[in-house]
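Undergrad: Protein chains in written order, with numbering that gives the first Met the number 0: chain H, 0 to 253; chain A, 0 to 108.
Be aware that a few hints might be false.
[Said to hold, decoys possible] Simulated coverage check for chain A against chain H, where a stretch passes if three residues somewhere in it have a Cβ under 8 Å from a Cβ of chain H: (1) 46 to 59; (2) 95 to 104.
[To be verified] The calculated lysine to any residue pairs, modelled on SDA-like cross-linking and capped at a C-alpha distance of 20 Å, are: (3) H/K201 to A/K86; (4) A/K86 to H/F246; (5) H/K121 to A/K86; (6) A/K86 to H/P37; (7) H/K201 to A/L42; (8) H/K121 to A/L42; (9) H/K201 to A/F38; (10) H/K201 to H/F246; (11) H/K121 to A/S24; (12) A/K86 to H/I200.
Hint data in this document are derived by calculation from the structure and do not stem from the laboratory. Ideal Cβ placement from N, Cα and C applies to all residues, glycine included.
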Amino acid sequence: MFKTVAKPMLYSQALLTKTKAMHTPRAALFSGFQATLPLLLGIIPFGLIYGVSAAQTGLSTEATIGMSVLVFAGASQLAILQLLSEQAAVPVIIATGLIINLRFAMYSASIAPFFQDLPLRKRAGLAYVLTDQAYALAVHPFADNPTLRRAAYFVGAAVPFWLTWQVVSLIGFFVGTSVPAHWHLDFAIPLTFIALLVPAIKDRSTAVAAIVGAALAVGAAPLPYNLGLMLAALMGIGAGIVTEHRFLRSASPQ
Amino acid sequence: MSLSSSAVWLIIVLVGAGTYLLRFSFIYLFGKIELPDSFTRALRFVPAAVLAALVAPALFVVPEATSWLTPRLVAAGVAVLVAWRTKSVLLTLLTGMGILWTLHALGWN
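Pulled out of the complex, with its shape left as it was, chain A reads as follows:
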């Protein structure tokens, strides 16, 4: 990470302050402001869109790989199934890491 310590703290403080304001927003404003409908509608899609946008490049944009099929992609595929079936963060983590390590141990990097 090449960012200076002060840049990191700037991020922490601003995201922290912003997040607190989001948490306090209506608890403070109750009765004074109405949530616009469009906001509530858009909010529903934030987790799906943002999480997918964060995950996909980590899996599909691999500079040194010779093909798009990598051990990480396989491990992630299984993790998706585990997450779907069990809804458990722990099991997803263990399965995903386990498969990755196994593939690495078998010589596939």
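This is chain H alone, in the form it adopts within the complex:
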């Protein structure tokens, strides 16, 4: 989920040193937009996969777009689709979607100081378009440039993302209704997860979290209502915490 963060951050920082008039909302809006442009291409395959998968899972057009508008978080949208096709229980689907999106609370906490002077209504609107990418693009310019008009910058960075996601979801959906089942496009969902999972494994404890999560998910697969998934995720998180704790413990001299 943090893929390709380094390039746009360097790019936007270079832009900052070049542009002096960042204290106007319009300049900030444009700057945010420029920063997000390279990333828009990256979510096109992701959004198309979502749209296609939604069609193949049997969702209506309204539900497909509804999810992209109301949830607006790719990984959880794909997980919901996968679980729907596996006939998982409704509470498990809801819980999984929310757990995958817990990271937004972290972004919220990190970016909140920069929005604290804005009126509540603006903050409420900005929160809606908060994504991995918008967060990654905004956090450094916000910290480095105190005169930057933040709401404008954030809107410039985040809204094109939102628009692209909706359009691409819809296109994917209409393409998806005419794709034959023997193309096995359902495999695209685990592939996308793999593409997100690999960068998420950064050190020993995250690797342990992944291995435990995977092993338990397979072992507990026979459990009804997809409970095995929840169990595996929670145990995986726990295993990661324990590994990190043990590792830190053994690293510090007593």
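Position chain A relative to chain H; hints supplied.
TA: Same frame as chain H, but now just chain A:
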């Protein structure tokens, strides 16, 4: 999918509302509540654990397969390497699907 349309909408609305609350949580609460340390620590492992738990059964729990080695598993293995090297969602997708289709075309199902 056997779920009714209203069940699907229930999921969409609840996950949507919940996700928005997560996004708005600290932006609304700033200064009023501190994030507990344990929460931040646990959060770091959520992507790895949850994504792995989602992917693994799709690859290893195949009811009709005669052995654990399936074309999907092979395609996924290569996809892992591609994801590791290129960090590109697009390349991972194309490689994985390409290998799966090739194996199917060669007669291995």
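Undergrad: All hints are to be evaluated individually against the structure, with a verdict given for each.
TA: Now the hints, each set against the structure:
1. 46 to 59: n = 14 at 8 Å, threshold three: holds.
2. 95 to 104: Contact hint for the region 95 to 104 of chain A vs chain H: holds, 5 residues under 8 Å.
3. H/K201 to A/K86: holds, 13 Å
4. A/K86 to H/F246: violated, 27 Å
5. H/K121 to A/K86: This hinted pair is violated, its Cα atoms lying about 34 Å apart.
6. A/K86 to H/P37: This hinted pair holds, its Cα atoms lying about 15 Å apart.
7. H/K201 to A/L42: holds, 14 Å
8. H/K121 to A/L42: Outside the cut-off at roughly 27 Å; violated.
9. H/K201 to A/F38: The hint holds at about 19 Å.
10. H/K201 to H/F246: holds, 15 Å
11. H/K121 to A/S24: holds, 14 Å
12. A/K86 to H/I200: holds, 12 Å
Going through the hint list in order, the structure does not satisfy hints 4, 5, 8.
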